[in-house]
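Here are the chains, one letter per residue:
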Amino acid sequence: MAKVKFEDALKELEEIVRQLEDGDLSLDESLAKYEAGIKAYRKCYDLLQGAEKKIQMLVKDEKGQLKAVPFEAPPAEPSDDKPVSPSNQ
Amino acid sequence: MGRQDSLPLFDVRPKAPTPPAAEKRKIYTVTELTRVIRESLEARFPAVWVVGEASNVRIPGSGHVYLTLKDAEAQIRVVVFRGVASRLRFEIRDGTELTVFGRVTVYEPRGEYQIIADLVEPKGIGALQLAFIQLKEKLEKEGLFDPARKRPIPLLPQKIGIVTSPTGAAIRDMLNVIGRRFPNLEILLCPVRVQGEGAAEEIAAGIDLMNTLPDLDVLIVGRGGGSLEDLWAFNEEVVARAVFRSGIPVISAVGHERDFTICDFVADVRAATPTEAGELVVPRQDQMREHVQGLATRLAQALLGLVEAAKGRLEILARSYALRRPLDRILQRQQRVDDLAGRLVARTEHLLALERARLSGISERLEGLSPLKVLARGYSITMKSDEPKPLRTAEALCVGDRVRTRLHAGSFFAHVDEVTRG
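Sequences listed follow chains A and B, in order.
Residues in the first sequence are numbered consecutively from 1050, following this note's numbering.
Residues in the second sequence are numbered consecutively from 1082, following this note's numbering.
Everything labelled a hint here was simulated from the structure, so no lab data went into it.
Hints may contain errors.
[What the hints assert, rightly or not] Okay, derived cross-link-like pairs now, DSS-like style, lysine-lysine, Cα gap no bigger than 30 Å in a straight line:
hint : chain 1 : residue 1 : chain 2 : residue 2
1    : B       : K1231     : A       : K1060
2    : B       : K1240     : A       : K1109
3    : A       : K1103     : B       : K1240
4    : A       : K1088     : B       : K1392
5    : B       : K1204     : B       : K1217
6    : B       : K1470     : A       : K1088
[Said to hold, decoys possible] Ranges between beta-carbon positions, derived for each pair:
hint : chain 1 : residue 1 : chain 2 : residue 2 : range
7    : B       : G1491     : A       : S1075     : 40 to 48 Å
8    : A       : G1072     : B       : L1290     : 46 to 54 Å
9    : A       : E1078     : B       : D1467     : 33 to 41 Å
10   : B       : A1208     : A       : R1067     : 52 to 60 Å
11   : B       : E1371     : A       : L1074     : 22 to 30 Å
Just so we're clear, the structure is a prediction, and the values are computed from it rather than from any experiment.
From the three backbone atoms N, C-alpha and C, an ideal C-beta is built for every residue, glycine too.
Please work from the sequences and hints to get the whole structure.
What follows is the structure, encoded as structure tokens:
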């Protein structure tokens, strides 16, 4: 996938929706905007699908070459690192 | 009685020693005397604590630190040899209030007594705290904390790099939160030690290494909670410099909410905890999807509204001109209006239908019906090269046809050289 930034596509979609809702455009412009909006929407949707879930860790092999191997989080143990939310502080 | 001091009751004035007769004199050389003085001083003060203000601090190339410790009334020379000095986390500067532990000795060539320090601590504040304050001041002056250079983190990173311990609570917390909010993302962990000797260098090297890899959108650097000593690596200059150098935006997530580290100040964003870093780094996939879907609906409604409004406006126009324009022009206009409006509506409905079909396709894929999964098991799909439909039977194939076969990864074209009809 080309490096399309999600926020750029989202911003474009939001901007187009705003312009169409303002209704200051001609019909031809509106139609063009609509099509651009659908394109931006598709980009957003594709990016939101995400890649394949993949968690890897860098290691060095025998030859000292870096490679990435699958990684699994260490098993849970009592931790005092509580989620922080301002409401319960 | 007369004046008190003229008639003392006891004479307490020291008697001036009378030099013994010449033949009984003990005569030292300077060296001998100095040695005796040294020995008696060393015997008397083998271990003392002394507090005072540092002045005349000199650190020549040898790495030993020479200074004078003084208070309002007196001063004493202090030497901090390199071995001790190199372990100091803070910098001894003129004016620093110090508590020094050591032994008193004499530097014989100059006949000066001095303290050889074994321990040097800032007075009234921990050595680490002072080191923190000093480094913070220094880096702040250099502009490493400048808010203007802080970069935004991407709203939805496709690939996240994490520099932390592979065994700590921090990585587990981060993966948990990220996985909950956005299940399918790529995450790359660079394992480093996060405390102890050499940890700071490993963290810095990890940040630099991540910057040589392609595709990382954001970097999280951190560890779970611990003592100030445990978190110390994140207060070291090498880490601060590496964060500053990083071309990838950095989220610093060290310890608990109350722990502020130098790394936090340099990073583009500070997360109070590793868990919060997970929350900051990705949006919730479901919420984001809802938002995007809502925008798509508004997009369609806005266009339909415009079409309706335009139709109404044009109808009014057409009527108002009816008395003054030839009928055919009116009819032409009406036709054009209907045509345009019809096209827009049809187009919109078409696009919406496509979207609906697409979305249901997507949900089917999510339910695991993806042909890609079948292909991954070793099956393949073959179609005539000029038709998009997969072949289910050999009926329509002739020798010499060009076909395309799609595999799990890639595809190839081939010519049919034999057909067996089943």
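Quick rundown of the hints versus the structure:
1. B/K1231 to A/K1060: Status holds; Cα separation ~21 Å.
2. B/K1240 to A/K1109: 21 Å, holds
3. A/K1103 to B/K1240: 9 Å, holds
4. A/K1088 to B/K1392: The given pair, whose Cα atoms are some 26 Å apart, holds under the 30 Å limit.
5. B/K1204 to B/K1217: OK: B/K1204 and B/K1217 at ~19 Å, within 30 Å.
6. B/K1470 to A/K1088: Holds: B/K1470 and A/K1088 sit about 25 Å apart, inside 30 Å.
7. B/G1491 to A/S1075: 40 to 48 Å: 46 Å, holds
8. A/G1072 to B/L1290: 46 to 54 Å: 53 Å, holds
9. A/E1078 to B/D1467: 33 to 41 Å: Because 38 Å falls inside the window, the suggested range holds.
10. B/A1208 to A/R1067: 52 to 60 Å: Holds: the Cβ-Cβ distance is about 57 Å, inside 52 to 60 Å.
11. B/E1371 to A/L1074: 22 to 30 Å: 27 Å, holds
Against the hints set out earlier in the document, no violation occurs for any number.
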